[in-house]
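Fit chains B, C and D to the given chain A structure using the hints.
Line by line, the protein sequences give chains A, B, C and D.
So for the first sequence, the numbering used here puts the first residue at 1; every next one is plus one.
So for the second sequence, the numbering used here puts the first residue at 1; every next one is plus one.
So for the third sequence, the numbering used here puts the first residue at 1; every next one is plus one.
So for the fourth sequence, the numbering used here puts the first residue at 1; every next one is plus one.
Don't read these hints as lab results, they were simulated from the structure.
Once the Cα atoms are required to be at most 30 Å apart in a straight line, the calculated DSBU-like pairs of lysine-lysine come out as:
hint, chain 1, residue 1, chain 2, residue 2
1, D, 195, D, 283
2, A, 47, C, 49
3, B, 47, C, 49
Here is what each chain is made of, one letter per residue.
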Amino acid sequence: ELNHHENKRQKRTTYDEQPRLSSEQGNLVFHAGSSKNIEFRTGPLGKVKINEEDLAELCSQVRESHSEIQELKKASGASQNMSQQVALLTSKIMNL
Amino acid sequence: ELNHHENKRQKRTTYDEQPRLSSEQGNLVFHAGSSKNIEFRTGPLGKVKINEEDLAELCSQVRESHSEIQELKKASGASQNMSQQVALLTSKIMNL
Amino acid sequence: ELNHHENKRQKRTTYDEQPRLSSEQGNLVFHAGSSKNIEFRTGPLGKVKINEEDLAELCSQVRESHSEIQELKKASGASQNMSQQVALLTSKIMNL
Amino acid sequence: VYKQWIPNTNFETASNWDKGRVPCARDVVHFEKDKVVSVFVRSPYALTDMYLPLNGEFVLAAGAGFAAFDGSWDPGCDSGGTVRFTDAEQRSWFDPTLWQDVFSSGELKPSGRMFSVDEERIPCHYDDVIFPAETSFRVNTDSSQQVIHLRSISVMGQELSTPEAWAGYLQGPSALLQFHGNGTLQVTGTGCPDKSGCACGNAPDGPRICAALLRASGKQCPVPVCQSPLQPLGHCCGVCGATINLDFTPDFDLQKYQDRLVQELLSQPKYTGVQMAISKVHKAQTFLGIVSRSSTPLIQIVLIDDRAGAQTGTAAEQLAGDIMEDVAQHGEALGISSGKMEVATGSTFSRQRGSHTLSRI
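Extracted from the complex, chain A is given alone in its bound form (with noise of 0.2 Å):
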């Protein structure tokens, strides 16, 4: 009985995680089961294009501005220290 129980309660399981393709009103619907993933997965030569927009491009674009912004991050931080400096010197300029 109850390991009847168990089956049952893990039949339900399956139930819920079966991902389904659905269509509505004519719109392209793909759920990935509850708690389950969704998953691209790219060949070396295959793509995953959504719209001509590839998707593993997409991803590496995102990936290179994440690292030139660090780049300029670090260079707005100097141009920070050197606004001191020209303070200091109009200062200086103005005393002499």
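Using the frame of chain A, we list chains B, C and D on its own:
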């Protein structure tokens, strides 16, 4: 031949309303119905992954980058001002 | 029997190399082929949404950030030049 | 009682396709644009082209899915063509040919010596309904009743046996694709509370049930061998054999009585080939020839046999006689106050009637 062509065109138009899954030269193509959407849905615990990349993280990365860029732009504006000040100082020193 | 088995294996191998949509432990997985693509296409009015995130918006955000970063890099380059100029001014003032 | 829905809308069921086979890689697969459907997919398929309905779903079993066909290798599918998913739209809840009796496990119940009148081949108000796990389906619930009561419903491996669980399921993505029509299924979670049995409750849909049955078997009842066939309540076509109607007292226990009849009478070797149906039914009351709205519950026993020609129904008649004898002897202890028997055999020119009424103190 023209008629055949015509038929084909018409056929495509008729079926365009229906979402479709097709092979094109070995590529797998998912088409939404005309002016309809394609949606990917996971449960609250499910992720969307692009080759080990978590799309939700990617999105928050994009948003973070966007706000960092706004900061950098402000800093860069300040730096433009400083550039004028430096030019002024330079001319003053030249005239000493 | 053996032949049948052989066929099946071959079939699987064949499909494995093809781009495909499959259910794996409740996850919905899109595999691009080794040299073939998976493509999602909507009409001009259709959107691609990933858990309420509009993919087209995400892409344009990524592109916008990319071009803003290019602008910032130019400005940052100018700021490097200024830094040299400030150093020069500083040494001149010291020698007055 | 567990009743299982027989047809499915699975991708891999050959009879669901107009060509009588599952589509192969070179085929162009069509789901009709406006036909709503839920389709369970059990294995991976290579496809050339597949048009989906505007509203529908593909539920993917582990390992199932769709791959692009590269055109290179395709055994047993050299031609390719258009393959259409057949229409599941008209499969009616009230078609007796679409249900089978099963155990709670879903395992097919050997029909044995018992049968059900046609109305009771459809799930009754206190029955449990099973839609087998790993299958998809679509059922039309058009009914003369607004609400179709059931004890529980199992769908894709989950048993829903409370009104709340069922309401939750109805909110899910599949329910709207699986059930359509004006009848609303309602899970009560309660079995028949009366030991004297409960009427099935499908009588209001009797005409619908018989229409579906006759559509399936070719429009007309078979011509009976006996001249004046019996018309058991809840059954679509006349039968040869015997019927017994029993009036009962509060002591009557339907299950016990059925077991008694099976063990002591029906299982006797001389009754091999006799089949029995027994259930509580409501007989409309007539007063001066006018059918009244009220009805009286009674226990109806229907007996048929496999005898041919003039012998048709004679074994059933004999068993009916034994049952009446038993009623006469033990009726009071069994909770039976009176019994009426009707017989129609291949050798009789008119129905024979017999009755026994116990004198009550």
